[in-house]
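Residue numbers (the numbering used here), protein chains in the order written: chain A, 224 to 417; chain B, 469 to 632.
Check before you lean on any hint, since a few could be wrong.
Claimed, not checked - Below, computed lysine to any residue pairings styled on SDA-like, alpha-carbon distance capped at 20 angstroms:
hint: 1; chain 1: A; residue 1: Lys349; chain 2: B; residue 2: Tyr524
hint: 2; chain 1: B; residue 1: Lys478; chain 2: A; residue 2: Arg404
hint: 3; chain 1: B; residue 1: Lys475; chain 2: A; residue 2: Asp378
hint: 4; chain 1: B; residue 1: Lys475; chain 2: A; residue 2: Tyr409
hint: 5; chain 1: B; residue 1: Lys478; chain 2: A; residue 2: Asn381
hint: 6; chain 1: B; residue 1: Lys533; chain 2: A; residue 2: Ser406
hint: 7; chain 1: A; residue 1: Lys356; chain 2: B; residue 2: Glu480
hint: 8; chain 1: B; residue 1: Lys512; chain 2: A; residue 2: Ser406
hint: 9; chain 1: B; residue 1: Lys512; chain 2: A; residue 2: Leu400
hint: 10; chain 1: A; residue 1: Lys349; chain 2: A; residue 2: Gly380
hint: 11; chain 1: A; residue 1: Lys349; chain 2: B; residue 2: Asn491
hint: 12; chain 1: B; residue 1: Lys489; chain 2: A; residue 2: Tyr383
Rather than coming from a laboratory, the hints here were simulated on the basis of the structure. Everything numeric in this text was worked out from a predicted model, so none of it was measured.
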Amino acid sequence: MNSLSSRLLPVVLIIFLALLVWGLNTAATLPALNDTRLANEPNLIAEHSHTVRFNDKGQPYQRLDADKASHYEENDSAWFDNPHLVSTIPGQPRVDLVTTRVQSINRGDKFWAPDPVTVTRQPDEKHAEMIVKGTQVWYQPKPGLAWSDAPVVADMGNNYHANGVGFQADITDQTLLLKSRVSTLYVPAPRSSK
Amino acid sequence: STADREKPLKVEADSATYDQKTNTGVYTGNVIVTQGSMTLRSDKLTVHQDADGMQYSQGDGRPVKFRQQADDGEWVDAEALHYDYNQKTGFLVLTNKAWVRKGQNEVFGDVITYNLNTDQYAATSNKTGAGRVNVTIVPKKKDASAPAAKPAATPASDTTSEKQ
Chain A
224 MNSLSSRLLP VVLIIFLALL VWGLNTAATL PALNDTRLAN EPNLIAEHSH
274 TVRFNDKGQP YQRLDADKAS HYEENDSAWF DNPHLVSTIP GQPRVDLVTT
324 RVQSINRGDK FWAPDPVTVT RQPDEKHAEM IVKGTQVWYQ PKPGLAWSDA
374 PVVADMGNNY HANGVGFQAD ITDQTLLLKS RVSTLYVPAP RSSK
Chain B
469 STADREKPLK VEADSATYDQ KTNTGVYTGN VIVTQGSMTL RSDKLTVHQD
519 ADGMQYSQGD GRPVKFRQQA DDGEWVDAEA LHYDYNQKTG FLVLTNKAWV
569 RKGQNEVFGD VITYNLNTDQ YAATSNKTGA GRVNVTIVPK KKDASAPAAK
619 PAATPASDTT SEKQ
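When you get a sec, could you build the whole thing from the sequences and use the hints?
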């Protein structure tokens with residue numbers, strides 16, 4: 224009887240230890256978190272975000288402040304709430320884009336602003352400030368293009384006012400195309416009486 | 469009228485491009501320009517503004533139609549296939565099948581230069597065009613209700629009146 228128990232005891236102990244290890248391992252493993260995040264849900268959220276991009280000379284050329292930024296893997300895109308986008312490409316007039324939400328696509332190569340948006344091109348030595356108000360506006364900082372197919376209003380200083388349906392603004396080339404139903408008003412500066 | 473040029477200039481068209489570097493706007497399709505009493509219709513219009521705010525425009529149409537009330541109240545109508553306007557000089561140059569009518573006076577020619585400051589126009593023809601200038605001037609009718617001319621005053625009274 225003794226020889227049987229002395230032979231069985233180690234086997235029993237090994238089995239017991241094996242069960243103990245398996246039990247502990249199971250207890251220690253967190254339940255598998257199956258990936259419940261849907262594709263259209265952000266994988267990163269930042270509050271009061273302040274993003275600056277630099278060109279290869281290290282000069283800041285684009286700044287984006289927003290109350291909230293939500294990043295999505297798809298298209299490496301992000302939605303910004305109440306954004307203020309400032310484009311300060313060296314050698315070009317500064318451009319400000321303000322709206323209620325904007326989507327940046329491919330890490331800011333292109334921006335999409337579905338809601339009412341105001342784009343302001345600062346004055347330079349020769350030209351007055353230009354303010355373009357529209358909706359559904361696309362904006363590509365490089366090469367400095369903004370466009371939309373929706374109604375748009377553009378004002379340049381106090382003298383020149385234009386509106387139409389659809390526009391394309393080339394900020395680098397300083398040209399503005401109004402695509403249809405154009406109406407412009409030029410108010411001559413009051414002639415200084417001699 | 470000359471006062472029109474101080475008034476806001478409105479331009480409507482199917483499409484337009486504006487180049488801020490050269491301060492030039494190009495309007496295309498059903499272009500209608502209004503400024504005070506002046507109205508101009510064309511198919512295409514290019515407007516440029518110099519540093520002093522002076523405007524220079526040119527346009528093409530089938531034809532370009534121009535209408536404005538002159539300072540004396542009469543309406544001036546003009547047409548041509550092409551026009552050039554220079555606000556600084558006040559000259560409107562109508563080229564190619566040009567026609568101007570003011571009141572009942574009419575001028576036809578290949579090129580008509582109309583001075584908006586002085587209300588004068590010069591018409592010329594060129595070899596390639598119809599080759600003739602055609603001017604119709606209708607004398608103004610004497611006003612029937614006007615009193616008959618007074619008999620000439622006697623010399624004695626003339627000298628006295630001149631002395632007073």
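Verification of the hints:
1. Lys349/A - Tyr524/B: The hint holds at about 19 angstroms.
2. Lys478/B - Arg404/A: The given pair, whose Cα atoms are some 13 angstroms apart, holds under the 20 angstroms limit.
3. Lys475/B - Asp378/A: 18 angstroms, holds
4. Lys475/B - Tyr409/A: The given pair, whose Cα atoms are some 9 angstroms apart, holds under the 20 angstroms limit.
5. Lys478/B - Asn381/A: The given pair, whose Cα atoms are some 14 angstroms apart, holds under the 20 angstroms limit.
6. Lys533/B - Ser406/A: 19 angstroms, holds
7. Lys356/A - Glu480/B: 19 angstroms, holds
8. Lys512/B - Ser406/A: 14 angstroms, holds
9. Lys512/B - Leu400/A: 15 angstroms, holds
10. Lys349/A - Gly380/A: 11 angstroms, holds
11. Lys349/A - Asn491/B: Given that 20 angstroms is the threshold and the Cα spacing comes to 10 angstroms, the pair holds.
12. Lys489/B - Tyr383/A: Roughly 14 angstroms between the alpha carbons, so the hint for Lys489/B and Tyr383/A holds.
Comparing the model with each earlier hint shows no violations; every hint is respected.
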